[in-house]
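One-letter residues, chain by chain:
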Amino acid sequence: MSEPELKRTPLHAAHLAAGARMAGFAGYDMPIQYPDGVMKEHAWTRTSAGLFDVSHMGQARILGADATSAFEGVTPGDFAALKPGRQKYSVLLNDTGGILDDLMAARPDDQGLFIVVNGACKDADFRFLDAQLSGDARLVRIEDHALLALQGPEAAAVLAAHVPAASGMAFMDSAALTGFGGVDLIVSRSGYTGEDGFEISLPAAEAPRVWAALLADERVRPIGLGARDSLRLEAGLPLYGHDVDPSVSPIEAGLAFALSPSRRRRGDFPGAARILAEVSGAPTRARIALKVLEGAPAREGAVIVDADGAEVGVVTSGGFSPSLGVPIAIGFAPPALCAPGQRLGVVVRGRTWPVETTDLPFVPHRYVRRP
Amino acid sequence: MRFTKDHEWVALEGDIATVGITAYAAEQLGDVVYVETPEPGRALKAGEGMAVVESVKAASDVYAPLSGEVVEANGDLTGAPETVNAEPEAGGWFARVRIADRAEYDALMDRAAYDAFLETL
Numbered sequence: 001m002s003e004p005e006l007k008r009t010p011l012h013a014a015h016l017a018a019g020a021r022m023a024g025f026a027g028y029d030m031p032i033q034y035p036d037g038v039m040k041e042h043a044w045t046r047t048s049a050g051l052f053d054v055s056h057m058g059q060a061r062i063l064g065a066d067a068t069s070a071f072e073g074v075t076p077g078d079f080a081a082l083k084p085g086r087q088k089y090s091v092l093l094n095d096t097g098g099i100l101d102d103l104m105a106a107r108p109d110d111q112g113l114f115i116v117v118n119g120a121c122k123d124a125d126f127r128f129l130d131a132q133l134s135g136d137a138r139l140v141r142i143e144d145h146a147l148l149a150l151q152g153p154e155a156a157a158v159l160a161a162h163v164p165a166a167s168g169m170a171f172m173d174s175a176a177l178t179g180f181g182g183v184d185l186i187v188s189r190s191g192y193t194g195e196d197g198f199e200i201s202l203p204a205a206e207a208p209r210v211w212a213a214l215l216a217d218e219r220v221r222p223i224g225l226g227a228r229d230s231l232r233l234e235a236g237l238p239l240y241g242h243d244v245d246p247s248v249s250p251i252e253a254g255l256a257f258a259l260s261p262s263r264r265r266r267g268d269f270p271g272a273a274r275i276l277a278e279v280s281g282a283p284t285r286a287r288i289a290l291k292v293l294e295g296a297p298a299r300e301g302a303v304i305v306d307a308d309g310a311e312v313g314v315v316t317s318g319g320f321s322p323s324l325g326v327p328i329a330i331g332f333a334p335p336a337l338c339a340p341g342q343r344l345g346v347v348v349r350g351r352t353w354p355v356e357t358t359d360l361p362f363v364p365h366r367y368v369r370r371p
Numbered sequence: 001m002r003f004t005k006d007h008e009w010v011a012l013e014g015d016i017a018t019v020g021i022t023a024y025a026a027e028q029l030g031d032v033v034y035v036e037t038p039e040p041g042r043a044l045k046a047g048e049g050m051a052v053v054e055s056v057k058a059a060s061d062v063y064a065p066l067s068g069e070v071v072e073a074n075g076d077l078t079g080a081p082e083t084v085n086a087e088p089e090a091g092g093w094f095a096r097v098r099i100a101d102r103a104e105y106d107a108l109m110d111r112a113a114y115d116a117f118l119e120t121l
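Residue numbers (the working numbering), protein chains in the order written: chain A, 1 to 371; chain B, 1 to 121.
In short, the hints are calculated from the structure, not lab data. Cβ coordinates follow ideal geometry from the N, Cα and C atoms, glycine included. Check each hint, because a few of them may be wrong.
Stated by the list, open to error - Quick list of the computed label-pair ranges, beta carbon to beta carbon:
#, chain 1, residue 1, chain 2, residue 2, range
1, B, Glu13, A, Ala124, 25 to 35 Å
2, B, Asp76, A, Arg351, 12 to 22 Å
3, B, Ile16, A, Gly325, 30 to 40 Å
4, B, Ile16, A, Glu294, 49 to 59 Å
5, B, Glu48, A, Glu311, 53 to 63 Å
6, B, Glu119, A, Ala17, 52 to 62 Å
7, B, Glu72, A, Arg351, 17 to 27 Å
8, A, Leu6, B, Ala112, 52 to 62 Å
9, A, Glu300, B, Phe117, 27 to 37 Å
10, B, Leu121, A, Arg366, 40 to 50 Å
11, B, Asp15, A, Arg351, 47 to 57 Å
12, A, Pro84, B, Glu119, 52 to 62 Å
What the hints assert, rightly or not - Chain B is nowhere near these chain A residues, computed Cβ spacing over 12 Å in every case:
#, residue
13, Arg209
14, Glu218
15, Gly267
16, Leu276
17, Pro354
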């Protein structure tokens, strides 16, 4: 059996020209790191502005008079209350309250919802939505657009030079704007790093010029998926397929905020029986955050043990934190063990290393919220 | 200095071989954040895992280029794993091994052969 050929984003040639190390991710040939390397790219994003090509992610519109009510049929969010110009994090739920994918859904304009889903899940998500959306709601895939993320403390100042209206946006705002000399954009003030920043959807044909225009600013450097992963782990943001999968509920995953109060009262979302029971009782497992006090990085699959060496949980994402200078990890464990300040252990290659439970995020978020 | 196709280097003095990973390997790994070196006294067989080197993203095995007994591990790498990137073929050494069979060393690639091998990658 031969490997299916990897797809390319509209910026593939730009990544090669920049000397990126490429690898397959979500079916695309993606930049893992540029010549700077993961540590420098990570630090650059935390101190200046990092530019990410995330065009592998799935973009679509949900259109029709029933768009928001139909979307509520597969999510636990109150999308009827989502105001124009705002965006909301949510999850697609299966019948047992497990998470099929996590996503952003926005109302940048008056054309229904604009959604962005994970690249690895997008084909399955879109088939699911095609089958599940009721009434006159319909899914329209956006195949001819790229998606860029500009993240970091200098992101707003950099983008203002090209898209002046973006300056007035706050965290989780979404807007249809024009910039970079007349290009139609959908801009949201959000991201996957914990920093202030923007995600920008734009026509694929314009992507190389816009990418180059942003990189022409000396405050901006290109950042690969390696640093994207270490940045999101420090920010405590889950990675679908690792920290979250169809067996995991939003409550177990520490994503209770995705459950809108009005939907919780109505209990009218898939898997409500399980999810509401977990809200009022206690789930059997919860999100745990660990700082490794000494020893090797604990990566996905590493067993978490108590002081007696008994297995109590598992790491779902782990690695080295460039900002903190120590290994960090998130995983699942019984809720009683997840409170911060407890000593546990992680087993790496047969050796148990001491860890301490901590709060999330590991590194404080620096979102720019509306005053 | 001799080299393996797994990108380890060996420098031999008497019957003591100093072992590390090559500049090429260090560059491929990226920023090294953790190194697990073998315990002194451990008997190594050529080709078996003798150490683990970890970057931000992943853990990689380092294989014993030849058989012998570990006589010293580079303890400096515990506190300064970045030495593997800064000086892969000097201060970033992993372990010293008392070799059992000089013929194993002679069979490894010399610098010219290793450079030619890198050209094929």
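Do the hints match the structure? See the list:
1. Separation of glutamate 13 of chain B from alanine 124 of chain A is about 59 Å and departs from the stated range, judged on CB atoms against 25 to 35 Å.
2. Taking the beta carbon of each, aspartate 76 of chain B and arginine 351 of chain A are about 20 Å apart, inside 12 to 22 Å as hinted.
3. Checked against the hint of 30 to 40 Å, the pair isoleucine 16 of chain B and glycine 325 of chain A passes, with Cβ atoms roughly 34 Å apart.
4. For isoleucine 16 of chain B and glutamate 294 of chain A, the hinted distance range of 49 to 59 Å is not satisfied, since their beta carbons lie about 30 Å from each other.
5. In this structure the supplied range 53 to 63 Å is violated for glutamate 48 of chain B paired with glutamate 311 of chain A, their Cβ-Cβ distance being about 28 Å.
6. At about 23 Å, the CB distance of glutamate 119 of chain B to alanine 17 of chain A disagrees with the hint of 52 to 62 Å.
7. Separated by about 20 Å at the C-beta atoms, glutamate 72 of chain B and arginine 351 of chain A satisfy the suggested range of 17 to 27 Å.
8. In this structure, leucine 6 of chain A and alanine 112 of chain B break the distance hint of 52 to 62 Å, their C-beta atoms being roughly 35 Å apart.
9. Remark: the range hint 27 to 37 Å for glutamate 300 of chain A to phenylalanine 117 of chain B is upheld by a beta-carbon distance near 33 Å.
10. Here the CB-CB span from leucine 121 of chain B to arginine 366 of chain A is close to 41 Å, well matched to the stated 40 to 50 Å.
11. A hinted range of 47 to 57 Å is violated for the C-beta pair aspartate 15 of chain B and arginine 351 of chain A, which are about 30 Å apart.
12. Checked against the hint of 52 to 62 Å, the C-beta distance between proline 84 of chain A and glutamate 119 of chain B comes to roughly 59 Å, which is consistent with it.
13. With a minimum CB-CB distance of about 30 Å to chain B, arginine 209 of chain A clears the 12 Å threshold, and the non-interface call stands.
14. Non-interface status of glutamate 218 of chain A relative to chain B is upheld: no Cβ of that chain comes within 12 Å, the nearest being about 23 Å off.
15. The beta carbon of glycine 267 of chain A sits about 42 Å from the closest Cβ of chain B, which is more than 12 Å, so the claim that it is off the interface holds.
16. Every C-beta of chain B lies more than 12 Å from that of leucine 276 of chain A, the closest at about 39 Å, which supports listing it as non-interface.
17. The Cβ of proline 354 of chain A lies farther than 12 Å from every Cβ of chain B, with a closest approach of about 15 Å, so its non-interface assignment holds.
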